[in-house]
Each structure stands twice: as C-alpha cells, then as structure tokens.
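Enquirer: Sequence:
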Amino acid sequence: MHSAHVLKLTNTLTRAKEDFVPEDPSNVRMYVCGPTVYDFAHIGNARPVIVFDVLFRLLRHLYGAEHVTYVRNITDVDDKINARALRDYPDLPLNEAIARVTEKTGDQFHADVKALGCMAPTHEPRATQHIAGMIEMIVTLIARGHAYQAEGEVLFDTASMPGYGALSKRNLDEQQAGARIAVDAHKKNPGDFVLWKLSSDDEPGWDSPWGRGRPGWHIECSVMSAHHLGQTFDIHGGGLDLIFPHHENEIAQSCCAHGTTTMARYWLHNGFVQVEGRKMSKSEGNFVTIHDLLATEKFGGRAWPGDVLRLAMLMTHYREPIDFSVKRLEEAAGILDGWKAAVLASGLDVSDAARAGLAALDVPDEVVDGLCNDLSFSAVLPALHKLAKAASGDAGAAGSLFAALSFLGIVSVESLQSFAAQRQAGAANGVDTAAVEARVAERLSFLEAKNFGEADRIRDDLASEGILLKDGKGADGKRVTTWEVKR
Numbered sequence: 001m002h003s004a005h006v007l008k009l010t011n012t013l014t015r016a017k018e019d020f021v022p023e024d025p026s027n028v029r030m031y032v033c034g035p036t037v038y039d040f041a042h043i044g045n046a047r048p049v050i051v052f053d054v055l056f057r058l059l060r061h062l063y064g065a066e067h068v069t070y071v072r073n074i075t076d077v078d079d080k081i082n083a084r085a086l087r088d089y090p091d092l093p094l095n096e097a098i099a100r101v102t103e104k105t106g107d108q109f110h111a112d113v114k115a116l117g118c119m120a121p122t123h124e125p126r127a128t129q130h131i132a133g134m135i136e137m138i139v140t141l142i143a144r145g146h147a148y149q150a151e152g153e154v155l156f157d158t159a160s161m162p163g164y165g166a167l168s169k170r171n172l173d174e175q176q177a178g179a180r181i182a183v184d185a186h187k188k189n190p191g192d193f194v195l196w197k198l199s200s201d202d203e204p205g206w207d208s209p210w211g212r213g214r215p216g217w218h219i220e221c222s223v224m225s226a227h228h229l230g231q232t233f234d235i236h237g238g239g240l241d242l243i244f245p246h247h248e249n250e251i252a253q254s255c256c257a258h259g260t261t262t263m264a265r266y267w268l269h270n271g272f273v274q275v276e277g278r279k280m281s282k283s284e285g286n287f288v289t290i291h292d293l294l295a296t297e298k299f300g301g302r303a304w305p306g307d308v309l310r311l312a313m314l315m316t317h318y319r320e321p322i323d324f325s326v327k328r329l330e331e332a333a334g335i336l337d338g339w340k341a342a343v344l345a346s347g348l349d350v351s352d353a354a355r356a357g358l359a360a361l362d363v364p365d366e367v368v369d370g371l372c373n374d375l376s377f378s379a380v381l382p383a384l385h386k387l388a389k390a391a392s393g394d395a396g397a398a399g400s401l402f403a404a405l406s407f408l409g410i411v412s413v414e415s416l417q418s419f420a421a422q423r424q425a426g427a428a429n430g431v432d433t434a435a436v437e438a439r440v441a442e443r444l445s446f447l448e449a450k451n452f453g454e455a456d457r458i459r460d461d462l463a464s465e466g467i468l469l470k471d472g473k474g475a476d477g478k479r480v481t482t483w484e485v486k487r
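Residue numbers for the sequence shown follow the working numbering, beginning at 1 and rising by one.
Take the hints with a grain of salt, since some may be wrong.
Straight-line distance between alpha carbons at most 27 Å, and here's what the computed DSS-like set of lysine-lysine pairs gives [said to hold, decoys possible]:
| no. | residue 1 | residue 2 |
| --- | --- | --- |
| 1 | Lys80 | Lys114 |
| 2 | Lys282 | Lys80 |
| 3 | Lys104 | Lys282 |
| 4 | Lys450 | Lys298 |
| 5 | Lys450 | Lys327 |
| 6 | Lys298 | Lys114 |
| 7 | Lys327 | Lys104 |
| 8 | Lys114 | Lys104 |
| 9 | Lys80 | Lys197 |
| 10 | Lys279 | Lys114 |
| 11 | Lys114 | Lys327 |
| 12 | Lys386 | Lys470 |
| 13 | Lys470 | Lys389 |
| 14 | Lys298 | Lys327 |
| 15 | Lys8 | Lys386 |
Just so you know, these hints were derived from the structure itself, not from any lab.
Model the full structure from these sequences, guided by the hints.
Expert: Rendered as structure tokens:
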C-alpha cells in the first residue's frame with residue numbers, strides 16, 4: 001500500500017468513520033449489489049455504479065491492481081423479469097422470453113455504465129449461474145435450525161439469529177409491532193423472509209429438495225459473494241435503500257450458514273437521487289434512465305455526455321442525497337470544458353499523456369488524500385481547479401491534471417480527443433478559437449467589474465457570429481462560461 005495515504009470510510013455497521021484495514025492487504029475484496037435486468041437502468045441506479053467504481057480505482061491505486069477484487073452481480077431471476085417477459089414477448093416460450101429480456105437490458109446496462117466511465121468489475125456473476133450454491137446454502141440453514149418449510153416456501157427464521165437487525169438498528173420487536181400477521185400467517189415471525197419458493201408451470205424454476213422453484217432475492221448475493229470473495233470479506237456496498245431488508249438479510253443468511261460473526265467488515269451506502277427536487281417515479285413523470293440522458297433529448301432538451309453525468313454525480317458526497325437537475329449538469333459541463341481546454345492549451349500530446357499518466361499512475365497526492373477521506377470529492381475539486389489554472393503553458397501541470405482526471409474516470413483519451421475535434425471543427429468553420437476564448441475572458445472581466453453593458457455587448461456580438469455562450473458556476477462558486485457554435 002502507498003504508506004503516505006490512510007483510507008477512512010464511513011461504516012454503516014458502526015455508524016462511524018473508520019480507518020480501512022483490509023483483512024489481507026494482498027487480497028482486498030469488495031462486493032456491490034448490481035442491477036436486476038428487467039428494464040433500462042435509471043439515474044438512481046447509476047449512482048452506486050459510479051461511487052464504487054471510484055472506490056475500486058482508489059483501492060487499486062493504494063494496494064495494487066492485482067491485489068483488489070471487485071464483484072458486482074447481475075440479478076437475472078426475479079418476478080419483475082418474468083412479468084416483463086410475458087408483456088414484451090407473449091408469443092415466445094417463457095424461458096426464451098426471459099432470456100431476451102435479460103440479454104437486452106443487460107447489454108444496455110453495460111453500454112450505459114461504460115459511457116459513464118466505469119471500469120468492468122473483476123467478476124460479474126449472474127444469479128442463474130449459482131442456483132446449486134443457493135440450494136446448498138438453504139440446506140445448511142435448515143440443518144442448523146435457521147430455516148423452515150411452510151406452505152410451499154422455505155423461510156429464514158429471524159428469531160434464530162440473536163444479532164439480527166444490527167446493520168439497520170432494528171430489533172424483532174419493532175418489526176413485529178407493525179407487521180400484518182394475518183397476511184403472513186404461515187411465518188413463525190412476521191419478519192421471516194423467503195429463501196426458496198415453488199414455481200408454477202408457467203414460471204421459471206429449478207429442481208430442489210423442496211420441489212421445483214426459484215430462489216428468494218436475498219440468498220442470491222450471499223451465495224455469489226461467498227463464491228468469489230470467501231465467507232468474510234472487506235467491503236459490501238450499495239444504495240441506502242438496500243440496508244433493510246436486503247443487506248440485513250444477507251448478513252443473517254451468510255453468518256448463520258457459515259458459522260461466522262461477520263459477513264463484510266465495512267458496509268458503505270450511497271444516498272438517494274432526486275430529479276429536479278422531486279422523488280423520481282413514473283407517476284411523477286420524472287423517471288429518467290441513463291440511456292435517456294446519454295442518447296435522447298428528454299432531459300433539458302439535449303443529450304448529455306457520460307463524463308458530464310459522472311462529474312455531476314460525484315460533485316455531491318456519496319452519502320448525501322443528490323438533486324439531479326439540468327442546472328447541475330450545465331455546471332458540470334462548464335467545469336469539464338474548462339479542464340479539457342486547460343489540458344489542450346498546454347500543448348500536451350493527448351496520446352503521450354495517456355500513456356505516461358495512466359501507466360505511471362502519477363496522480364497528485366492532493367487528489368488521493370481527498371478521496372481517502374471517505375471519498376470526499378469536495379476536497380478533490382480545489383486540487384483539480386488549481387492544476388487547471390497552472391496548466392496553461394505548463395505541460396507538467398497539464399499532465400498531472402490529465403492523470404488525475406483519468407484516474408477519477410472523468411476524462412478519457414477519447415473524450416479529450418473528441419473535445420479537441422469539436423474545437424477544430426469550429427476553427428474549420430471559420431471560428432478563431434483563441435479569439436473567442438479571449439473575448440469570453442474579457443467578458444468575464446467586465447462581469448467581475450459589474451460593467452454589464454460591455455459584457456452584454458460581447459455576448460451579443462458573439463451571438464451574431466453564431467457563438468452561443470452559457471453561464472454557470474463552478475464547484476468553487478466562481479462563474480464559468482462555455483460556448484458552442486450555432487450555425
């Protein structure tokens with residue numbers, strides 16, 4: 001590990017920020033709950049993918065890429081998938097219809113998260129690949145007195161685990177007080193949850209000691225994480241909404257099946273995502289998929305590049321709620337354009353920078369230190385702005401900026417080259433890029449001096465030449481102006 005850096009993470013299990021000390025520094029292991037592939041992933045689904053991608057990158061930097069294993073699963077057996085298959089492919093046999101749905105949505109998920117700058121995890125198991133392991137774990141839980149059969153289901157007996165509720169800080173008495181006991185009369189306790197349920201002839205199913213059926217949701221992650229990471233591992237991540245019941249139930253299954261007191265030693269959870277100040281839902285009309293943002297004009301009247309979406313997401317601390325808005329995207333776009341322009345203005349060769357910056361992982365200490373403080377991006381932004389300010393005419397600072405942005409997954413060689421090509425296209429259309437930049441800078445000076453008349457004159461002059469200005473604020477609170485050619 002890079003000894004100069006101490007990683008601190010907020011552990012949901014203890015509700016405290018702790019020094020991260022892996023069980024084995026040569027084998028750092030992380031599991032994150034992935035998508036249920038019945039529909040295109042929405043912007044809320046993107047947040048944990050981005051957050052834990054940054055943590056994956058940081059762990060690789062601190063411990064060495066060969067010493068870090070990141071597992072993110074795909075849930076491809078679920079009643080929502082069954083319903084979607086019947087709706088979209090009513091004329092196909094169910095198994096074939098399910099395969100069509102999971103393949104289509106899985107492929108779209110991979111394309112979306114790649115556009116967001118996310119690396120592939122080390123392993124990406126699918127639930128249907130681990131049915132035998134799920135059956136084996138359920139058999140063990142029954143044998144050890146932690147599960148029972150009732151009315152076509154195998155259920156986990158929550159009362160059999162004294163520590164149940166430690167992650168969510170809920171106890172069984174609290175859960176029973178509000179439970180609808182009449183609905184679940186076959187359960188020993190209202191909080192007991194399904195490990196296995198029988199399937200009808202028109203539902204997918206697998207043979208088991210309890211009849212042809214399919215697994216409950218929670219057992220899937222317990223089995224897949226154990227298969228790839230062992231009975232105990234370092235970090236388990238996911239959205240805040242998964243703390244209860246999903247992650248609580250994972251802990252119960254895993255610890256009771258393996259005879260351990262711990263499943264994961266650190267539990268990390270990202271906050272919720274709102275859209276334009278409201279909870280995202282289809283009934284509200286503000287349900288936005290990643291694909292919508294990347295490829296359509298449904299949000300703010302334009303499609304948004306993946307790097308803009310990624311930066312907009314990272315600008316709020318991962319544990320805090322985020323309001324995903326057009327204003328936030330415009331702000332992120334302005335900051336990104338400024339950083340890219342700074343790299344290009346230095347004269348740095350992009351291809352050489354990619355080879356030198358990424359191969360050596362010459363990431364500035366200020367950036368790594370900021371992330372080591374519970375992935376605090378607010379500490380990283382000033383360091384990036386400082387590098388951007390120094391980058392003009394300084395290839396060394398520009399190289400450090402590009403290395404930092406590449407490390408964070410924000411700017412790639414391809415996105416920087418695309419930005420340069422756009423500027424060249426503007427020049428080819430008779431736009432003097434340097435002259436426009438100079439006039440934009442002059443206008444900013446007038447605005448700072450509160451000489452709004454001269455500032456408006458420059459804006460109007462540029463508009464008459466087909467140059468559209470967009471004002472926003474950077475993360476440091478200062479005005480940021482971007483421009484584009486409209487002809």
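Enquirer: Evaluate each hint against the coordinates.
Expert: Hint check results:
1. Between the alpha carbons of Lys80 and Lys114 the distance comes to roughly 25 Å, so the proposed pair stays at or under 27 Å and holds.
2. About 16 Å separates the Cα atoms of Lys282 and Lys80, which keeps this hinted pair within 27 Å; it holds.
3. Distance restraint check for Lys104 and Lys282: the Cα-Cα separation of roughly 21 Å lies within the 27 Å cut-off, and the hinted pair is therefore satisfied.
4. Proposed proximity of Lys450 and Lys298 is contradicted: the alpha carbons are some 36 Å apart, above 27 Å.
5. As the CA atoms of Lys450 and Lys327 are separated by approximately 23 Å, the hinted pair is consistent with the 27 Å bound.
6. Distance restraint check for Lys298 and Lys114: the Cα-Cα separation of roughly 21 Å lies within the 27 Å cut-off, and the hinted pair is therefore satisfied.
7. Between Lys327 and Lys104 the CA atoms are separated by roughly 32 Å; this puts the pair beyond 27 Å, and the hint is violated.
8. Taking the CA atoms of Lys114 and Lys104, the gap is about 16 Å. The hint holds against a cut of 27 Å.
9. The suggested pairing of Lys80 with Lys197 holds, with an alpha-carbon distance near 15 Å, which does not exceed 27 Å.
10. A distance of roughly 26 Å separates the Cα atoms of Lys279 and Lys114; the hinted pair therefore holds under the 27 Å criterion.
11. Only pairs whose Cα atoms come within 27 Å are accepted, and Lys114 paired with Lys327 is accepted, the gap being roughly 24 Å.
12. For the proposed pair Lys386 and Lys470, the alpha carbon gap of about 23 Å is at most 27 Å, so the pair holds.
13. For the hint linking Lys470 to Lys389, the alpha-carbon distance of about 20 Å falls within 27 Å, and the restraint holds.
14. For the hint pairing Lys298 with Lys327, the CA-to-CA distance comes to about 15 Å; that is within 27 Å, so the pair holds.
15. For the proposed pair Lys8 and Lys386, the alpha carbon gap of about 24 Å is at most 27 Å, so the pair holds.
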